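Trainee: Sequence:
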Amino acid sequence: MDPFQFKAVLLEISNQLTEDQLSKVKFLCQDHIGKRSLETIDSGTKLFTTLSERGHLSPDDTELLGQMLQKVGRDDLFQILDAFVTGSRPGHQDDTENAKLATATEVLSEHLGRSWRRLGRRLGLSEVKLDSISRRHPTELDETAVELLKEWRKLRGPQACVEDLIQALRACDLNLTAHKLELRISDDAQVANMNI
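Each residue of the sequence shown is one higher than the last, beginning at 1 in the UniProt record's numbering.
Rather than coming from a laboratory, the hints here were simulated on the basis of the structure.
Check each hint, because a few of them may be wrong.
Cut-off 16 Å, straight-line C-alpha distance, at most; resulting in silico cross-link-like pairs (EDC-like, lysine to aspartate or glutamate) [what the hints assert, rightly or not]:
no., residue 1, residue 2
1, LYS154, GLU12
2, LYS24, GLU39
3, LYS154, GLU39
4, LYS154, ASP20
5, LYS7, ASP60
6, LYS150, GLU106
7, LYS180, GLU110
8, LYS24, ASP42
Just so we're clear, the structure is a prediction, and the values are computed from it rather than from any experiment.
Could you put the whole structure together from the sequences, leaning on the hints where they help?
Mentor: So, in structure tokens, the structure goes:
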């Protein structure tokens with residue numbers, strides 16, 4: 001198996017792990033990596049490098065990492081890893097759904113405003129994550145909305161879809177924003193069909 005592709009898969013997994021999930025994976029690694037070494041690890045890539053150096057992770061040996069990803073509830077990341085091992089295509093979103101989510105990001109950055117935190121809670125983001133977003137963009141509501149959707153997509157992985165986002169908007173009584181999103185997606189679909 002291609003070592004570069006393996007590292008690319010590990011990087012993708014690392015980028016999608018939340019801080020809380022990384023902490024849980026580190027806890028599960030205590031029998032394989034000493035406590036002192038774990039204290040210095042602050043990213044998925046460092047954790048994966050340490051596991052590799054200690055002989056617990058390689059392109060031909062992904063069982064431990066796969067088990068840990070499943071234990072922390074990231075079946076989507078396990079599927080990405082499993083797809084690498086089996087040589088199949090992982091459960092990524094199709095191009096149509098990615099285009100819809102890109103449109104959703106544009107619409108929400110334009111129209112969400114101060115209701116972003118309420119939507120974030122409805123989408124399942126933790127208060128810690130919402131506070132982190134707020135600190136990074138204290139006065140830029142458009143950037144806050146973009147960051148909110150980015151974090152939600154990381155949390156949900158390939159299960160993130162526009163329909164869930166629209167339902168969450170409606171549940172937060174953000175019906176006008178939901179309607180604008182539906183209209184924009186419908187318009188984009190019509191333009192795409194005309195170009196075929």
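Trainee: Determine for every hint whether it applies to the structure shown.
Mentor: The hints, checked one at a time:
1. LYS154 with GLU12: Holds. LYS154 to GLU12 sits at ~10 Å (cutoff 16 Å).
2. LYS24 with GLU39: Holds: LYS24 and GLU39 sit about 13 Å apart, inside 16 Å.
3. LYS154 with GLU39: Judged against 16 Å, a Cα distance of about 24 Å means the pair is violated.
4. LYS154 with ASP20: 13 Å, holds
5. LYS7 with ASP60: With a Cα-Cα distance of about 13 Å, the restraint between LYS7 and ASP60 holds, given a limit of 16 Å.
6. LYS150 with GLU106: Measuring from Cα to Cα gives roughly 12 Å; hence the hint holds.
7. LYS180 with GLU110: 10 Å, holds
8. LYS24 with ASP42: Holds: LYS24 and ASP42 sit about 12 Å apart, inside 16 Å.
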